[in-house]
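S.K.: Sequence:
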Amino acid sequence: MLKAKRMAAAAAVLLLLTGMLAACGSRQGGTSGQSTAAEPSGQPSTPAAAEQSAFPLKVKDSTGYEMTIDKKPKAIVSLTLGTDEMLLSLVDGSRIKALSGKIAEDDGISNIADRAGAFLKAENNLELVISLKPDIVFAADWMRKEGIQQMRDAKIPVYCYKTANSIEEQKSTLMEIARVVGEEAKGREIVEDMDKRINAVEEKVKTLKPEERLTVLSYNSYGSTSSKGTTFDDIVTRAGLINAAAQAGLEPNAQISKEKIVEINPDVLFLPLWSYDKKQDPAAFADEIRKDKSLASVKAVKNNRIYLLPDKHMSAISQYIALGVEDAAKAAYPQLFK
Numbered sequence: 002m003l004k005a006k007r008m009a010a011a012a013a014v015l016l017l018l019t020g021m022l023a024a025c026g027s028r029q030g031g032t033s034g035q036s037t038a039a040e041p042s043g044q045p046s047t048p049a050a051a052e053q054s055a056f057p058l059k060v061k062d063s064t065g066y067e068m069t070i071d072k073k074p075k076a077i078v079s080l081t082l083g084t085d086e087m088l089l090s091l092v093d094g095s096r097i098k099a100l101s102g103k104i105a106e107d108d109g110i111s112n113i114a115d116r117a118g119a120f121l122k123a124e125n126n127l128e129l130v131i132s133l134k135p136d137i138v139f140a141a142d143w144m145r146k147e148g149i150q151q152m153r154d155a156k157i158p159v160y161c162y163k164t165a166n167s168i169e170e171q172k173s174t175l176m177e178i179a180r181v182v183g184e185e186a187k188g189r190e191i192v193e194d195m196d197k198r199i200n201a202v203e204e205k206v207k208t209l210k211p212e213e214r215l216t217v218l219s220y221n222s223y224g225s226t227s228s229k230g231t232t233f234d235d236i237v238t239r240a241g242l243i244n245a246a247a248q249a250g251l252e253p254n255a256q257i258s259k260e261k262i263v264e265i266n267p268d269v270l271f272l273p274l275w276s277y278d279k280k281q282d283p284a285a286f287a288d289e290i291r292k293d294k295s296l297a298s299v300k301a302v303k304n305n306r307i308y309l310l311p312d313k314h315m316s317a318i319s320q321y322i323a324l325g326v327e328d329a330a331k332a333a334y335p336q337l338f339k
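Residues 2 to 339 (our numbering) make up the sequence shown, in order.
Hint data in this document are derived by calculation from the structure and do not stem from the laboratory.
Treat the hints with care, as some may be off.
[To be verified] Each computed DSS-like pair below joins lysine-lysine, with the alpha-carbon atoms no more than 25 Å apart: (1) 103 / 163; (2) 292 / 259; (3) 72 / 187; (4) 197 / 207; (5) 187 / 59; (6) 122 / 134; (7) 280 / 259; (8) 134 / 61.
Just need the whole structure built from these sequences, with the hints factored in.
M.R.: See below:
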């Protein structure tokens, strides 16, 4: 649910980008049929030299599109908030020619809001992207092939990354992007920090007895929840919680009725702290649930275990997903973090 909202927000930002929403094109180009592994020459003496020597680099993106990146990219354009966040931790800002859009400046959903204002934004302007003559453009696998192909026709390399459905997938995506920009050492450093944070939480929650583990349900004002096969499910599982929607066998991003919430009867409710359309006050929504007589029997409501968690962590499609694990565990089990 939360990741879907973040993708929807990014989709809206890019809606006018020559109709790019849906799925990246898969037409092959470049070095089709050849190995996608890096082909370094010689024995570099430093990690930086090793990363530089990996070029020209043959890669295949998540859609199967193959390309050769001639040299370490110095002019990079990001078309999604996820790659905005990853790239600002991977490369020097001088190498980034444009971020996805104004959404990167929204502190409610962006982890780079304090830095994003310094960058040009690609939103609504495919011609701008092409005019920047980037060495690489990062797009997502949910973006429409027409806009992707238009850039490729203009001789702009476009790499479509796989949108993660788990923390392990997110780490793999980050490392692949790090490889493409020639910053694998930095990528490993970021992944190690993710692991350190998550492992610290798992060490704390493993002290819980089975009967102490709480069930949790994500819920928003659109009436949807997140079940198995979502990053939310992975986040809360690592935080020592049981995803009530997954336990009930619901679809990954399912609509859920109040009657079903009563039936599932979760111990905890996690609500979004950010409103996509700015029309819904998150705190007011939480108060509505507390006062909703039809939900009065739900354990989360009776015991006032209704928590507003930062969407920029819980729905992150970047390394900041690790902070979601911390947020979830601290909300549900504050006694473990004193």
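S.K.: Compare the structure with each hint and give your call.
M.R.: These are the hints, each one checked on the structure:
1. Distance restraint check for residue 103 and residue 163: the Cα-Cα separation of roughly 23 Å lies within the 25 Å cut-off, and the hinted pair is therefore satisfied.
2. Annotation: proposed proximity of residue 292 to residue 259 holds, straight-line Cα distance about 13 Å (limit 25 Å).
3. Of the supplied pair hints, the one linking residue 72 and residue 187 holds, its CA atoms being roughly 18 Å apart against a limit of 25 Å.
4. Note on residue 197 and residue 207: the hinted pairing holds, with a Cα-Cα distance of about 15 Å set against a maximum of 25 Å.
5. Only pairs whose Cα atoms come within 25 Å are accepted, and residue 187 paired with residue 59 is accepted, the gap being roughly 20 Å.
6. About 15 Å separates the Cα atoms of residue 122 and residue 134, which keeps this hinted pair within 25 Å; it holds.
7. For the proposed pair residue 280 and residue 259, the alpha carbon gap of about 21 Å is at most 25 Å, so the pair holds.
8. Distance restraint check for residue 134 and residue 61: the Cα-Cα separation of roughly 21 Å lies within the 25 Å cut-off, and the hinted pair is therefore satisfied.
Checked against the numbered hints given earlier, the structure satisfies every one of them.
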